[in-house]
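Student: Listed here are the chains, written in short residue letters.
4 protein chains.
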Amino acid sequence: MQPLNFHPAGRHYLQIPGPSPVPDRILRAISYPTIDHRGPEFGALGRKLLQGIGRIFKTAHPVVIYPASGTGAWEAALVNTLSPGDAVLMVETGHFASLWKKMAERLGLAPEFISLPGIEGWRRGVDAEAIERRLRADPAQAIRAVCVVHNETSTGVTSDIAAVRRAIDAARHPALLLVDTISGLASADYRHDEWGVDVSVSGSQKGLMLPPGLSFNALSPKALAASQSAKLPKSFWAWDEIVAMNRDGYWPYTPSTNLLYGLAESIDMILAEGLDNVFARHRRLGEACRAAVRAWGLEIQCVEEACHSPVLTGVMTPEGVDADQVRKLAYEHFNLSLGTGLGKVKGRMFRIGHLGDCNDLTLMAALAGCEMGLQLAGVPLAGSGVGAAMVHLRSTARPAARHPAA
Amino acid sequence: MQPLNFHPAGRHYLQIPGPSPVPDRILRAISYPTIDHRGPEFGALGRKLLQGIGRIFKTAHPVVIYPASGTGAWEAALVNTLSPGDAVLMVETGHFASLWKKMAERLGLAPEFISLPGIEGWRRGVDAEAIERRLRADPAQAIRAVCVVHNETSTGVTSDIAAVRRAIDAARHPALLLVDTISGLASADYRHDEWGVDVSVSGSQKGLMLPPGLSFNALSPKALAASQSAKLPKSFWAWDEIVAMNRDGYWPYTPSTNLLYGLAESIDMILAEGLDNVFARHRRLGEACRAAVRAWGLEIQCVEEACHSPVLTGVMTPEGVDADQVRKLAYEHFNLSLGTGLGKVKGRMFRIGHLGDCNDLTLMAALAGCEMGLQLAGVPLAGSGVGAAMVHLRSTARPAARHPAA
Amino acid sequence: MQPLNFHPAGRHYLQIPGPSPVPDRILRAISYPTIDHRGPEFGALGRKLLQGIGRIFKTAHPVVIYPASGTGAWEAALVNTLSPGDAVLMVETGHFASLWKKMAERLGLAPEFISLPGIEGWRRGVDAEAIERRLRADPAQAIRAVCVVHNETSTGVTSDIAAVRRAIDAARHPALLLVDTISGLASADYRHDEWGVDVSVSGSQKGLMLPPGLSFNALSPKALAASQSAKLPKSFWAWDEIVAMNRDGYWPYTPSTNLLYGLAESIDMILAEGLDNVFARHRRLGEACRAAVRAWGLEIQCVEEACHSPVLTGVMTPEGVDADQVRKLAYEHFNLSLGTGLGKVKGRMFRIGHLGDCNDLTLMAALAGCEMGLQLAGVPLAGSGVGAAMVHLRSTARPAARHPAA
Amino acid sequence: MQPLNFHPAGRHYLQIPGPSPVPDRILRAISYPTIDHRGPEFGALGRKLLQGIGRIFKTAHPVVIYPASGTGAWEAALVNTLSPGDAVLMVETGHFASLWKKMAERLGLAPEFISLPGIEGWRRGVDAEAIERRLRADPAQAIRAVCVVHNETSTGVTSDIAAVRRAIDAARHPALLLVDTISGLASADYRHDEWGVDVSVSGSQKGLMLPPGLSFNALSPKALAASQSAKLPKSFWAWDEIVAMNRDGYWPYTPSTNLLYGLAESIDMILAEGLDNVFARHRRLGEACRAAVRAWGLEIQCVEEACHSPVLTGVMTPEGVDADQVRKLAYEHFNLSLGTGLGKVKGRMFRIGHLGDCNDLTLMAALAGCEMGLQLAGVPLAGSGVGAAMVHLRSTARPAARHPAA
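Taken in sequence, the protein lines are chains A, B, C and D. Counted from 1, the first sequence has number 258 at position 259 by numbering that gives the first Met the number 0; the numbering is strictly sequential. Counted from 1, the second sequence has number 68 at position 69 by numbering that gives the first Met the number 0; the numbering is strictly sequential. Counted from 1, the third sequence has number 246 at position 247 by numbering that gives the first Met the number 0; the numbering is strictly sequential. Counted from 1, the fourth sequence has number 37 at position 38 by numbering that gives the first Met the number 0; the numbering is strictly sequential.
Hints were generated in silico from the structure; no laboratory data involved. In this text, all values refer to a predicted model and were calculated from it rather than measured experimentally. Note that the Cβ used here is the ideal one computed from N, Cα and C, for glycine as well. Hints are supplied without guarantee of correctness; some may be wrong.
What the hints assert, rightly or not - Here are the simulated lysine-lysine pairs, PhoX-like style, with alpha carbons at most 25 Å apart:
#  : chain 1 : residue 1 : chain 2 : residue 2
1  : D       : Lys327    : D       : Lys343
2  : C       : Lys345    : C       : Lys221
3  : B       : Lys345    : B       : Lys327
4  : B       : Lys100    : A       : Lys230
5  : C       : Lys327    : D       : Lys47
6  : A       : Lys327    : B       : Lys47
7  : D       : Lys327    : D       : Lys101
8  : D       : Lys230    : C       : Lys100
9  : A       : Lys230    : B       : Lys343
10 : C       : Lys327    : C       : Lys101
11 : B       : Lys327    : B       : Lys101
12 : B       : Lys100    : B       : Lys221
13 : B       : Lys47     : A       : Lys101
14 : A       : Lys343    : A       : Lys100
15 : C       : Lys230    : D       : Lys57
16 : B       : Lys230    : A       : Lys230
17 : A       : Lys100    : B       : Lys221
18 : D       : Lys57     : D       : Lys221
19 : D       : Lys230    : C       : Lys230
20 : D       : Lys230    : C       : Lys101
21 : D       : Lys101    : C       : Lys230
22 : B       : Lys343    : A       : Lys47
23 : A       : Lys327    : A       : Lys345
As the list claims (entries may be wrong) - On the chain A side, residues computed to face chain C include the following (Cβ under 10 Å):
#  : residue
24 : Asp23
25 : Arg24
26 : Arg27
27 : Ala28
28 : Ser30
29 : Tyr252
Build out the structure end to end from the sequences listed, making use of the hints.
Tutor: Structure (structure tokens):
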């Protein structure tokens, strides 16, 4: 076999905000022999998966699963619902919102970006009022879609999607609501149907705890209707044939069988823990992480209390400190991978992922690695972040539910 | 874990022409923990992979690896090189050639199909002379690309790609040559550079012995140049950013890390066996399989001796015999999955895959299952196909090379 | 990783009479992370296992599971029940019966061997009448135990254990009945309680479809009583502490945790298929295998119709033909491992295993490999064994039950 | 598959002093298909293994590998070298020394125990001078063996084996030196040949990072000579046939094939890191752990500075605090398994394992779990152990060597 001994002795701590660490159960499941994607077992697996993934998105409508990574699902959301030259309203919440806008441009759409100066917009959630104002200023209804990012992986800001829905409704505007919840799904509270989202975009390698390689479009009836008349060329991403064949649990072209084994396992794990318990676990770990950052005396990238992400925390380094140097020191000395600052905040922040298959002690390991890495980099710390996080975790700890058989 | 006990006792024989059985080494490799796709280990893995996959395609030019299944790579080949309304010349060699043409239409291209009446074209390789005639009849050079399928998975016909190249050259036509070798690569002889192919399209789940989920575009300098001016909208499939970032072993968006682990293993296995040995192994198994079909007194789908596929064999059932009933009997009684007849030959043929990680005894198991399945279906057989295959295998058997350590 | 690419391209056919091929489900289960053998999850696992393994032995009494291979369980059966110098009656049914006798000698017991001249005893089951006669000739009841092999792995002979019980009872002799069913359990019908066995010895790597490394002693109350006064030194093998701690699902010393994961999986698989179905599957495969050997015109090692093993078939090669040369040819040309002739029959026979996770097509693959190997060795064959086996399999084939979800 | 979801969300921290966490590379290796233990690949594997394991023990003499757990190797060391009634000198360093003595009694030997009152002996290393005195008082040389534990898993005390050797030599006594390094090997410095050990006993589930199920006897020529005349009955454990067959890489009975795959992987990993680097890593983690215990104001079980174990640390809880309650709280709230107090120290101590595949952040996770568990149990702490450990780790951290390919 190839030498997969990438890392030095002991467990590697993969605390980037995705791909998140894949649990052993899922790794074993994806290594099961590939079966015939046209055989009866596959159909049974497909029907189970499609029913289950709807429960994760909280939708009664179709969820399209692509044998492709998350960027593909962004493209799918756009090409299925829009036509060349269509105006779309996007909000600059961070690097990924910017990349989605760039994609819209490459595909021949006319995205309009609601932005704040400098990095201000990168520290706040989506401004629903600004969206409402802009839509009210569009009496001709030229704007065909509002595209927002639920959880900005580049910043650690989670936006209020229900508020965006209310803004669109308040403006009595027919634009579709497209939401990127690639890093939000199955970690942060998300409700496709209740929040009136038309297309929810997600990926496998975050809250679903899978390797990258699967992505999703959850649909609304309005989105399905829009796809009938949308004029951007589409074939691989086209919903129509997929949704039709999914009724029997199959796909029009070869699905990513082994990652689907993993998805079945992931859905079982998440539903067994309970979606609300999963969300609460993520919130609590996020609180402990922020307690650590505050104790260090460092700034958190997100400045809105209501928008702190349960998925990751962006930590700003003091002036003159290269955040990537901190990451490098933590990586080389402590076998810890942290997320880099992207785009506008390159070198000024690092990101701590606390999503997916994360628990108290894994977070503590990550925070210890950060604290020692910051110190090795010569960053003066106001206090012990590790100690502050322990106070929070200890005071909120509950005995875990165990496997029934135990 | 989920009950992955799809099949009854004993090994399932997956003898469809892809996905092919994934070797244990690869299954183990893909179950290794996901790493940071921006970290240094990943870059080293990426550089190794990209160098290795070029050797499989026999090309010195870039190979783009998509975190998507093979149908996506079809789309990528078209959207990177062509503009809306472009004429493309395609050849109806079977079901997959037809699907590719349908995709070209959905994407707004103007495909022209060289076909023969009924299923005649489905029993023969690409007619290079017909291509040459058509290109000579295009003095305005409106045809921008010639698209052919190297190994038609639906029929078991392997076409002469070098002849197609000669035909284009003889017609002094500038059309690009796009070749689908999804089921040919790493099983049937293939030479991207030597044969002057501009885009070779392939997938992971055939000769590369991986699960589905990865796909490929091998490029030529001419194809890269064409992609600068091609006007079909593209973003996910766009070569430019991928080729640029691949220089360091990275990808612009999240790659399918775990399937890439498998690809590294696959490349190691194939190069260790030797590409020419891999091709010879496939040819020999194909010969044994055809010996069996002839002994049964059944017709082989492919009628051109030079075009018999080393990857799969299409078996036509006699008038009045439902081929899918044979498949069903073999599946239910003998735990054997065979390929169905697709499109025009639905119900009139079944397909035996002998590709990838296949060897003599696995083929014998498959043929025994076919022979018993045919008999259970009441098909009168002229003789023992199993016996005929054994004669061929025995008389051509050579002691295998062993692992050096043994 | 180490290069575990032992074998050339394609699946290796491990058709020795154990270790038998380990199903993927079990291989995945044994690769699950090791847990604390003193923690609550382990206790739950242990209790489930101990309950389940009793169902496989068909006993309501304790089954001791050793973290050791099968030879250890032979020793355990002797040292727990016997004292230095004790007379034990054994029957020379083959190589393994001879090894067990040799072990008894090394341990300081006084085994007496019921044998036939030459290899005659190696072609027949245990002669229960001879046992009865011998016990009747022991009025002082010096013989403390009768030790027999249920399924002789070296010959392919399965003895009638119920008849041995009846013989002991008829002689009104108090000797314990110790039975080696290492290769019989979970393949051939076996009933510890009903047949009045005092100690049943078994191992993991045969019908249980596990890797080697676990072994078993199923006990009777009489055996447990005997262990109180037996004087051979014992510590690791001593039943007392193990049986006591097993009540809570634990072991006095570190158990083989990962192989126990596999055992749990194995028990689930066997009980889901149904023990009687498992036995019937083995019987049918044995019949097909013998049909092949007869068609070849070769002799089957076992000459008693009632004693043909459902686990393996011993094939005698004609005078002048080195059976190991046939094995070598099949191994080198067809990636097939067959069992060698052991002890008295070295070079005169080879053994075909058809146990554990075996099914129709795997047997056909093995028989095709044998047939071609025999031909490569220049052995004249009377007819097609492969053809004869197919006649049997086809005429007795039934559609398989599928996974409920399918 | 069986529901192997023993633990709640996130990684379980198995910080008991063995079984230690098994690295993914080893778990994948042991899940590779079982091969024929009589075939040529197995012989190659066996020869490689036997050569490699000698390097780990630092011996040029035979190492016997048993398909059995560590307790078996204790028994093997005794039964191969001793005769019924033989006097053996043992030293009560803790629970495992006591169990080995109990085993010697069960096997019919006459062990004599050097002990200190109460738990005093459980806090110190082997007193080599006491051994020397006792041997000098044995002019008749009735004592046949000195048996000591290198690393007491129950206490966290590592004894000076070279000093024991010097003591025996100083007394000019011919007793054999048998050493239990079950939890010491491959974690604490160990030198079978240089230290003049006659039989070294070890197991797989500690420093070798394997699941339990393999165990070892490293031999000296003197031990081999003794085994010729030793009179305790032995068969399974007998060295003679094993050593003879090992020359070709095979075993007389079925070895534990899949665990041997893991052992090959383990040896590769250890030798690649370098034995001295492995020892240094363990020492440094032990120092950090003790810094934490001292900062908490708790007592370390081992009171001799020179004998602190690099493998585990025993932590004594204050009067009135049930150590098992601390363990239970840490387990239920923080998914952390700690070792219990055994025998004489039951309820008064817990053990933190920092062996095998452990690194800085995993130790920090474990210490955070201990600290929070102690606090939940109401134990007043003098200070932050986590902080103290970080000071040590940070000040001694070095950038890790990476995989060559990276």
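Student: All the hints need checking, so say for each whether the structure fits it.
Tutor: Going through the hints against the structure:
Restraint check: the Cα-Cα separation between lysine 327/D and lysine 343/D comes to about 20 Å, which is no more than 25 Å; the hinted pair holds. For the hint linking lysine 345/C to lysine 221/C, the alpha-carbon distance of about 39 Å lies beyond 25 Å, and the restraint is violated. Our distance criterion of 25 Å between C-alpha atoms is met by lysine 345/B and lysine 327/B, whose separation comes to about 14 Å. In summary, the hint linking lysine 100/B to lysine 230/A is supported, as the alpha carbons are separated by about 19 Å, within the 25 Å threshold.
Among the hinted pairs, lysine 327/C with lysine 47/D is consistent with the structure: their alpha-carbon atoms are about 23 Å apart, no more than 25 Å. For the hint linking lysine 327/A to lysine 47/B, the alpha-carbon distance of about 23 Å falls within 25 Å, and the restraint holds. Under the criterion of a C-alpha separation no larger than 25 Å, the hint pairing lysine 327/D with lysine 101/D is inconsistent with the structure, at around 29 Å. Using a Cα cut-off of 25 Å, the hinted pair lysine 230/D and lysine 100/C holds, with the two alpha carbons roughly 19 Å apart.
Pair hint lysine 230/A plus lysine 343/B does not hold up; C-alpha atoms about 30 Å apart against a cutoff of 25 Å. For a cut-off of 25 Å, the pair hint linking lysine 327/C to lysine 101/C is broken: about 29 Å separates their Cα positions. This hinted pair does not check out: lysine 327/B and lysine 101/B have alpha carbons roughly 30 Å apart, beyond 25 Å. Only pairs whose Cα atoms come within 25 Å are accepted, and lysine 100/B paired with lysine 221/B is accepted, the gap being roughly 22 Å.
Distance check on the hinted pair: lysine 47/B and lysine 101/A sit about 30 Å apart at the alpha-carbon level, beyond 25 Å; violated. With a C-alpha separation of about 15 Å, the suggested pairing of lysine 343/A with lysine 100/A holds against the 25 Å cut-off. Of the pairs offered as hints, the one joining lysine 230/C and lysine 57/D is violated, with about 39 Å between alpha carbons and a cut-off of 25 Å exceeded. Between lysine 230/B and lysine 230/A, the direct Cα distance comes to roughly 15 Å. Compliance with the 25 Å bound is thereby established for this hinted pair.
For the hint linking lysine 100/A to lysine 221/B, the alpha-carbon distance of about 30 Å lies beyond 25 Å, and the restraint is violated. Between the alpha carbons of lysine 57/D and lysine 221/D the distance comes to roughly 17 Å, so the proposed pair stays at or under 25 Å and holds. Restraint check: the Cα-Cα separation between lysine 230/D and lysine 230/C comes to about 15 Å, which is no more than 25 Å; the hinted pair holds. Among the hinted pairs, lysine 230/D with lysine 101/C is consistent with the structure: their alpha-carbon atoms are about 17 Å apart, no more than 25 Å.
At roughly 17 Å between alpha-carbon atoms, lysine 101/D and lysine 230/C fall within 25 Å of each other, so this suggested pair holds. Between lysine 343/B and lysine 47/A, the direct Cα distance comes to roughly 31 Å. Violation of the 25 Å bound is thereby established for this hinted pair. Distance hint between lysine 327/A and lysine 345/A is fulfilled; the C-alpha atoms sit about 14 Å from each other, no more than 25 Å. About 6 Å separates the beta-carbon of aspartate 23/A from the nearest beta-carbon of chain C, less than 10 Å, and the hint is met.
Residue-level restraint check for arginine 24/A holds (minimum Cβ-Cβ distance to chain C is 8 Å; threshold 10 Å). For the restraint placing arginine 27/A at the interface with chain C, the shortest Cβ-Cβ distance is roughly 5 Å, inside the 10 Å limit, so the hint holds. Interface restraint check for alanine 28/A: the shortest CB-CB distance to chain C comes to about 8 Å, inside 10 Å, so the restraint holds. Of the supplied interface hints, the one on serine 30/A holds, with its beta-carbon coming within about 7 Å of a beta-carbon of chain C, less than 10 Å.
For tyrosine 252/A, the interface hint is violated, the least distance from its beta-carbon to any beta-carbon of chain C being 22 Å, above 10 Å.
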